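Quick mapping for you: the protein sequence lines, in order, are chains H and D.
If you're matching positions, the first sequence starts at 597 in this note's numbering and goes up one per residue.
If you're matching positions, the second sequence starts at 597 in this note's numbering and goes up one per residue.
Watch out, some of these pointers could steer you wrong.
If several chains are the same, the list does not tell them apart, and a pair holds so long as it fits within one copy or across any two.
With a Cα cut of at most 30 angstroms, we get these calculated DSBU-like pairs of lysine-lysine [stated by the list, open to error]:
#1 Lys969 with Lys788
#2 Lys750 with Lys766
#3 Lys667 with Lys624
#4 Lys710 with Lys624
#5 Lys896 with Lys812
#6 Lys766 with Lys710
#7 Lys896 with Lys750
#8 Lys693 with Lys729
#9 Lys624 with Lys792
#10 Lys896 with Lys755
#11 Lys667 with Lys750
The set of hints was computed from the structure by calculation and includes no laboratory data.
Bear in mind that the values here come from a model prediction, so they are computed numbers and not experimental data.
So you can see what is in the structure, the chains are spelled out below.
Protein chains: 2
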Amino acid sequence: MMKEDNMNEEKISEYARLAVEVGVNLQKGQTLMVCCPVENAFFARKIADCAYERGAKDVIVDWRDDYISRKHWLYADDSLFDRVYPWDADKRNTLAKEGAAYIFICGDDPENLKGVNGERIRRWETARGRDLKEFLDLETSNGFPWCVISAPVKSWADKVFPGEENSLEKLWEAVFAAVRINGDGTAPEKWKEHCKRLESLCEKLNGYNFKSLHYKNSLGTDLTVEMPENHLWLGGGDTARSGVRFVANMPTEEVFCAPLKTGVNGTLCASMPLAYNGNIIEGIRFTFKDGRITEVHADKGEGILKGAVDTDEGSHYLGEIALVPYDSPISNTGILFYETLFDENASCHFAFGQAYSASIKGGDYMSAEELLKAGINAESCTHTDFMVGSADLSIVGTTHDGEEITVFENGNFAI
Amino acid sequence: MMKEDNMNEEKISEYARLAVEVGVNLQKGQTLMVCCPVENAFFARKIADCAYERGAKDVIVDWRDDYISRKHWLYADDSLFDRVYPWDADKRNTLAKEGAAYIFICGDDPENLKGVNGERIRRWETARGRDLKEFLDLETSNGFPWCVISAPVKSWADKVFPGEENSLEKLWEAVFAAVRINGDGTAPEKWKEHCKRLESLCEKLNGYNFKSLHYKNSLGTDLTVEMPENHLWLGGGDTARSGVRFVANMPTEEVFCAPLKTGVNGTLCASMPLAYNGNIIEGIRFTFKDGRITEVHADKGEGILKGAVDTDEGSHYLGEIALVPYDSPISNTGILFYETLFDENASCHFAFGQAYSASIKGGDYMSAEELLKAGINAESCTHTDFMVGSADLSIVGTTHDGEEITVFENGNFAI
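Isolated chain H (complex conformation) (with noise of 0.2 angstroms):
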């Protein structure tokens, strides 16, 4: 459909250049790795015009499909669930090291994996963070400038929109509003201004310097999250080992951060459902001591999310914290978009799993032990965000003078 139509063609045109130029960034010389699904091979199509427009090296495209990916996770033979192709395997971590440019294009089926042995999925995870470890660490410590974004198909459009005759038109508008684009060619000027909003949110909150966050609402949620010393408070724009900045996620609304891994205590009760590698999780809570998870609960998908957070180790401590109003633009389309592109950027956040190095002071140029001591979650090979903003959330700071400040009431900033 999008293919057909003039107005559409010009904000996928917009989109795409959104994408190259902001989104990664892209510098002449230099590679193009990006994921798609087949049917939106139109998009992809237009990313890779961009690039090469830019000078690009070379522009790969990694294909999937949900129909045939959801046929291996159900017949394909057992033993591939343990480990990476070594081919797949090689291509990402080279990528990631030569610090090639990647471009994620989010858009499958929610539900695409619901029936699938959840120990299958476990299994995989770990694999997969074994095998390609040194494209996620890189991946999270800005080693390579990437950016996930997301372009709609239709089974994830009926999801969104059950029933509705035009969902896949629905939701590409609902994609390009959250990304800022009305087909004017303005959205890159767009993105710089509101980076540049993130970044001074960050500061503020980087100058209280909190010591601690009490989080607290109606869901039950009742929660002390420990601040590590030298924690950064980020949004916007990051910066990659090259220099270059890059914005990892279109859209975004967070300003994030990392919690002190064994600093946080009480119970947190998620806001929104989960789309998790291809299933729906409901009603989640988890309690915590001393950072570790010691109660994992869901009222549908259990087994799955028990899975999720038995991956390793550090899958059991939280590994991000992050912060978005409740009068979000996203949240206030009232879309649920069970997809985590979106959600988390309508709702505040936590992510258990690992952190963003670059949450720590000089972060990114530290190796997993300096990391561990600084007191943030860096050796897990997963990162899975949930939704915990409610329209009654309110936070509480303490900063090291034990002054109490008001960061968050009835879901919105209050500083």
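Got chain H; can you put chain D on it based on the hints?
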């Protein structure tokens, strides 16, 4: 279009089953690799269904896209045309060594590389021949079961049926007819009979054990082709090293052999244009002396053709000689397909470059040196077919006793 139409859905399913069951004859526990353009994902999905039903270990799809390929050929960094990415080479070579089945789905714009620097194409062919040597050697010596089939894309259909609105539908119907599919599920049976017919024709030709063949027609062909001792005419099915029978091309109407590498003399004129690596070459004429191509002429695309012949030393010699009656089912459609898989099965043809090692008795188990000693062209990284059949082609064979046998008269078998 093909996804929506129920009648065609049945044909597509039958076609997928034919490729998996008869084409590569997939065995339980065997991996299947499928190369497919992204447009024809619906066909790859059907193939995956059939493969997993037969107990495939895994189905690995290698997707490609004409648009992004063309951009790569035109704009990617020049250094990339001298080597295959190591991970791509590793994937092909490893799967080939493991005996994975391989289905290549043709279906590309015949002029996709129009205007691309011919030297770039030649360098890439050389690099590919070197870096995929294990894969290519195992392919020509039946080290694994492989099958080349075809699924139309719009750009190709528009070349075959220019200006016709329903070109894609027409080309699909022509393809179905050529591979004996009408949607009633009987294609696998028909193929078994068809292969038997070709095999009995081979027996007859092998009985004559010709010393040489003399080709002549009004297009200017006047060529003597000596045959190696112990040559074998082949057609229909092949036997993979695992002992499993497979059919390497669908359609296939040919019986083929390899000539004595140094025993080809005279002039050979092509009777059809050749779609070669995204370029169309017309009016081909070669002169041979002691097997070597000494003159290369084309009315259109001569530079590309000369580059192809210059790929390596072996590409200056013939590697295949194939007989197809002028009154063959594909030829009788009157369609010029601009796709070797079809056009070579509508016409007697030759190939320059690598011979199939099974053309010599026991050849699949011989080294390159042994094959050369046996008299066939066994050291080229290319194999390029071109069509020479015409309505007035005559081929006269001479046996070792000096007896002359008319093999072809007026374009058709006379034996």
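The hints, checked one at a time:
1. Lys969 with Lys788: Classified as neither; 35 angstroms inside a copy, 69 angstroms across copies.
2. Lys750 with Lys766: Answer is both: 11 angstroms inside a copy and 28 angstroms across each meet the 30 angstroms cutoff.
3. Lys667 with Lys624: Between copies, since 16 angstroms is at most 30 angstroms while 39 angstroms is not.
4. Lys710 with Lys624: Classified as between; 26 angstroms across copies, 42 angstroms inside a copy.
5. Lys896 with Lys812: within (23 angstroms within a copy, 76 angstroms between copies)
6. Lys766 with Lys710: So Lys766 and Lys710 pass the 30 angstroms test inside one copy only (25 angstroms; across, 39 angstroms).
7. Lys896 with Lys750: For Lys896 and Lys750, the Cα distance is within 30 angstroms only inside one copy (24 angstroms; across copies 45 angstroms).
8. Lys693 with Lys729: Both: 11 angstroms inside a copy, 27 angstroms across copies.
9. Lys624 with Lys792: within (25 angstroms within a copy, 58 angstroms between copies)
10. Lys896 with Lys755: The answer is within: 17 angstroms in one copy meets 30 angstroms, while 54 angstroms across copies does not.
11. Lys667 with Lys750: both (18 angstroms within a copy, 28 angstroms between copies)
Checked against the numbered hints listed earlier, the structure breaks hint 1 alone; every other hint is satisfied.
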